[in-house]
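Here the structure of chain A is known, so what remains is to put chain B in place on it, guided by the hints.
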Amino acid sequence: MEHLTPERQAQRFGRIREAIQGGGKRLAKIVSVHSFRGGTGKSNTTANLAVLIARAGYRVAIVDTDIQSPGIHVLFQLDADEMRYALNDYLWGKCAIEEAAYDLTSRAIGTVSDDDERPRLFLIPASIKSGEIGRVLKDGYDVGLLNDGFKKLVRELKLDFLLIDTHPGVNEETLMSIVISHRLILVLRPDNQDFQGTSVTLELARRLGMDHPWLIVNKIPPGMDRVRLKEKIEDAYQAKVVAMLPLNHEIVRLASAGLFVNRFPDHPFTRELGLVAAAAVQPSPPL
Amino acid sequence: MTIHLLDSAEGHPIQTWHFKEQSRVNIGRSGENDICITDGRVSRLHVELRHCENHWELISHGRNGTLVGGVAADNLPLVNGDIFQLGPSGPTFRFADGQQLPSGTATISAEDTENLDFLMIDEQLRADDVRQIAETDVFQRLQQQAQQMKQDSDARGWNT
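Residue numbers (this note's numbering), protein chains in the order written: chain A, 1 to 287; chain B, 1001 to 1160.
Don't take each hint at face value.
Straight-line C-alpha distance at most 30 Å; calculated BS3-like pairs for lysine-lysine [as the list claims (entries may be wrong)]:
| id | chain 1 | residue 1 | chain 2 | residue 2 |
| --- | --- | --- | --- | --- |
| 1 | A | 230 | A | 152 |
| 2 | A | 240 | B | 1150 |
| 3 | A | 129 | A | 94 |
| 4 | B | 1150 | A | 158 |
| 5 | B | 1150 | A | 152 |
| 6 | A | 129 | A | 152 |
| 7 | A | 94 | A | 158 |
These aren't lab readings, by the way, just hints derived from the structure by calculation.
Extracted from the complex, chain A is given alone in its bound form (with noise of 0.2 Å):
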């Protein structure tokens, strides 16, 4: 793959967020969520974490980088013969990347006039057909393309937010998402391997200058105390954590087929997850 000089890569990085910082106009946000490990529920608390923001009033869009196993198209019921272009065909040149991004709004969020410009919501689909996978594994692509697509879709879609479905563990792709982020969320559970495995993200996030990550605990079992629980990951961590998902059965029983802010409107998971939107909405210092 093209490896560019850092001066050259910067310069690369620092358009992207020129385009997004865009002159006074509406700022866009880049949001890495991330976990250490899999069977976190990242991808699920992206889908309802973007769902939840767009329902606010923005332009939202998630792309899908974990290659290796996408399933963030599964909880938008967007199935594989509707996914004319993925995110892979961007990759290897074979569309541009505003061509693999659907626009979920009427069946994520419901029926918005065409003249109304919020909400929309858009996924970036990766592709779940075996070939394409295999070819990612073995040949590997270029990251930097990765970002230029970034630049493009904030641009051509009008986006207030981008969502990064990143793939499981440490990365070339995870790494650079979180430099070019201006927020990192982390998924853990509580439990020793996520423990151990979060505290080196975050040391790596950390010297990629990302000094505030946010951090979300997700599946805490029924009768473990919450509160000394939150004190002893932020006092390990020095950081934050957003919210403390409970070990939710009716999200195992919806077996990633739906959205489960949208289910269930009233639920604490529902609730725990709006503050989470709420905050990322509130504006913060650019880089």
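Quick look at chain B alone, frame taken from chain A:
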């Protein structure tokens, strides 16, 4: 004897019950059970675990049956580490009778939800993992880019 409810995707325990002096443990949807699972695929009394002399037996009462190690079973002695599922798509549990699990299957997890001491950071391991990644060319290039971007945005007065 210990029963773990397993996460379907990852297979690690998400909830754990310990039983010390009981010789019978019932699992089902009804609130009268020792382990109550509110799930439509689970019968009101789905599984009975009964202690017989020196082992535990599983007796299935569920409408959708019970799979032990992926095979349908009505009445079966359990061995340590056995995995059973309530119906073909229902919740999955692991049985542990207090002995050590075979090596490689033990999972460090929220065994005891009352005590949070299992949430520990091994600082040495953390430092080693961070160093391994931070020393790579990819990371150092990204770090330079991040710094460059910060300087660029400072120069434009964005950080004031």
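Against the structure, the hints come out as follows:
no., hint, in the structure
1, A:230 to A:152, "38 Å, violated"
2, A:240 to B:1150, "22 Å, holds"
3, A:129 to A:94, "15 Å, holds"
4, B:1150 to A:158, "24 Å, holds"
5, B:1150 to A:152, "21 Å, holds"
6, A:129 to A:152, "25 Å, holds"
7, A:94 to A:158, "23 Å, holds"
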